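J.: So the sequence lines, in the order shown, correspond to chains A and B.
Everything in the first sequence is counted per my numbering, starting at 7 for the first residue and increasing by one.
Everything in the second sequence is counted per my numbering, starting at 5 for the first residue and increasing by one.
There may be inaccurate statements among the hints.
Stated by the list, open to error - So the derived label-pair ranges between C-beta atoms look like this:
#	chain 1	residue 1	chain 2	residue 2	range
1	B	Val134	A	Ile284	28 to 36 Å
2	B	Phe166	A	Tyr264	48 to 56 Å
3	A	Glu124	B	Val134	53 to 61 Å
4	B	Leu292	A	Val164	56 to 64 Å
5	B	Arg206	A	Arg285	19 to 27 Å
6	A	Ala125	B	Thr155	53 to 61 Å
7	A	Phe132	B	Lys78	39 to 47 Å
8	B	Trp13	A	Val265	52 to 60 Å
Hints in this document: simulated from the structure, not taken from any laboratory.
Bear in mind that the values here come from a model prediction, so they are computed numbers and not experimental data.
Quick reminder that beta carbons are idealized off the backbone N, C-alpha and C, glycines included.
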Amino acid sequence: MLALLPQLLVSGIAIGMLYALIALSMTILYRATTVVNFGHGDLVMVAAYLLTIFAVNATLPFVPALLLSVAVLFAFGFLLHRAFIWPIIRGPHLSLAMMAIAVGYSVRGLVRLEYGQEAVRMPRPFAEKIFFVNNVVITLDEIAFCVVVLVMLVASYVVFSKTRFGRIVQAMFQTQRGASLVGINVMQYNNVIWGVGCALGALGGVLLGLILILDPDVGAWTLLRGFAAMTLGGFGSLHGAVVGGLLIGVLEKVLGTYVSTAFIDITCYLVIIVVLLIRPRGLFGQHATLRV
Amino acid sequence: MRLTRRAFWLLPLLALPLPLVLNQYYQYVVNLILVYVLVGVGFNIVVGNLGQLAFSNVAFFGIGAYASAILTTKLGMPWWLTVIPAGLIGALAGCAASIPALRGVRLFYLAIMTLAFGELMRWSYIRTPVLTGGSMGLSVPPAEVLGWTLTRDDQKFYVFLFIVVVVVVCTNRILESRIGRAFQAIKNDEKAAAAMAIATSRYFLLAFALSGFVVGIGGAMYAALVGHLSPEAFDLVQLIQQFAIIMVGGLGSLAGSVLGAILITATPEIFRDWPGFEELMFGVVIVLVIMFLPRGLVSLLARIHPVFKDRFYQDD
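Extracted from the complex, chain A is given alone in its bound form (with noise of 0.2 Å):
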């Protein structure tokens, strides 16, 4: 039974990986604007879609399709926080969530519609390939996804710590208000920023279709298991939402074999329930619940 450990720590990893990545791009925009995007599953499973279409129907190389749809996604982000999220963000956090929501399921619904009776498979950018390393099986995919994601958190960590930039992101972090009155322009800012956390999305949800049938469901799938990364890593923590969701990647596939394969699917329910009892701030998260 042991023997299977490492094959379970190098896919759990690679899958966690992309967990990874979706966390990511959630906590910068959470980071940025302190707004959670409810719809963020349904962006990532539509940039792959978005990918398809322009490789697919347009017949573009993969480099130039995978830019375009990436860019895309950088322009929806921008859009969805300018016209919709920028005009209530005074107003009740109920508001805000249902909003997200409500242009997740549009986007959804515009995908089924479209969609929504074929099984579609996103173009791949190389030929499948596997490698052995001591009985371990690892596919170019898996190392794909490492390579990625590593590249992302380092630029996202270098970005958010060492440039004028990510100060400025910070200060909005800390409070919205004193930024404004320091004269920094929070809604442009804003905008980018979600522009920035939907392109990383996009990417994630690329990487995603690498290993997945592209169904309209995949969004809420995807949603999920970034919200146990990030719930697990901490709320608002950059490297806590990359542990997080390596962990849970870890753990779905170790608990998956080794206690029942019902783990393989509730694993990230059951992180975000008993995490948010036990330990409401996670790993590394700093305040995260209001208490009376």
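Mind docking chain B on chain A? Use the hints.
T.: Just chain B, lined up with the frame of chain A:
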């Protein structure tokens, strides 16, 4: 003539002759509206009145429906005796869903957690085929009330109408009492409410349990209406539909829940043939309502006549 809130009693009376003019299909839709009136009323208690971001309503609905169906099929109870137990089991689920809120989980955290709870419940309908029939679904025998078997939809209509009137009137009494005021106070400012010696956690528990009870009864009615339960009925499309009901009708308004249930339930029946259309429509409708009518359609009616204003109506 001065219009008072008693005028609402006319509504069920006006609905009484409906079966005479409706054909089978429209009768079914009207019955479905009655089910969703309870779903909306129950959902609105937690979201509108208590002001909490909880997504567990679909879970209560499913639990009520499966509870009623399992009690009739496995224990052979007549349907009418399962209505109250279905409500109680829904209330129990409500208590369970309120545990995170009692532990201080709020806002987005509560939303995420209740979302996970709902998905976990849907997963368990599929994975416990012994009780729920799994993904094949569970067939429910025709509903039985006091020895009578309800086979036609117009017979169900009168039973449903009776249940809905009783539950809505009781909910109204509760929401206009001290309890409703406490919910409103918690919604406006939880810390201030606690400072005014309102036992916030007790009211959280109460709101979730009440919500679960009302929605659970709605679930029992749903089981009797459709005759066959499948896990897909309690998926995320159901969630957006229930949100659309309370957002379009009006958050925190009983009249709004009823209005929303009528409007939202009647429309998608026309579009059943295009999968995806429901999601698109509900999504767009909710976006428009949030942007332009944050208090829902009932706020338009309240502008015409104050009778539609709720007793504790306040602007956010």
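J.: All the hints need checking, so say for each whether the structure fits it.
T.: Cross-check of the supplied hints:
The hinted range of 28 to 36 Å is satisfied by Val134 of chain B and Ile284 of chain A, whose Cβ atoms lie roughly 31 Å apart. A hinted range of 48 to 56 Å for the beta carbons of Phe166 of chain B and Tyr264 of chain A is consistent with their spacing of about 53 Å. Checked against the given bound of 53 to 61 Å, the beta carbons of Glu124 of chain A and Val134 of chain B, roughly 35 Å apart, lie outside it. As the Cβ distance of Leu292 of chain B to Val164 of chain A is approximately 41 Å, the hint placing it in 56 to 64 Å is violated.
Checked against the given bound of 19 to 27 Å, the beta carbons of Arg206 of chain B and Arg285 of chain A, roughly 25 Å apart, stay inside it. Take Ala125 of chain A and Thr155 of chain B: their Cβ atoms lie about 40 Å apart, and the range 53 to 61 Å is violated. Checked against the hint of 39 to 47 Å, the pair Phe132 of chain A and Lys78 of chain B fails, with Cβ atoms roughly 54 Å apart. Checked against the hint of 52 to 60 Å, the C-beta distance between Trp13 of chain B and Val265 of chain A comes to roughly 56 Å, which is consistent with it.
Hints 3, 4, 6 and 7 from the earlier list are contradicted by this structure; the remaining hints agree with it.
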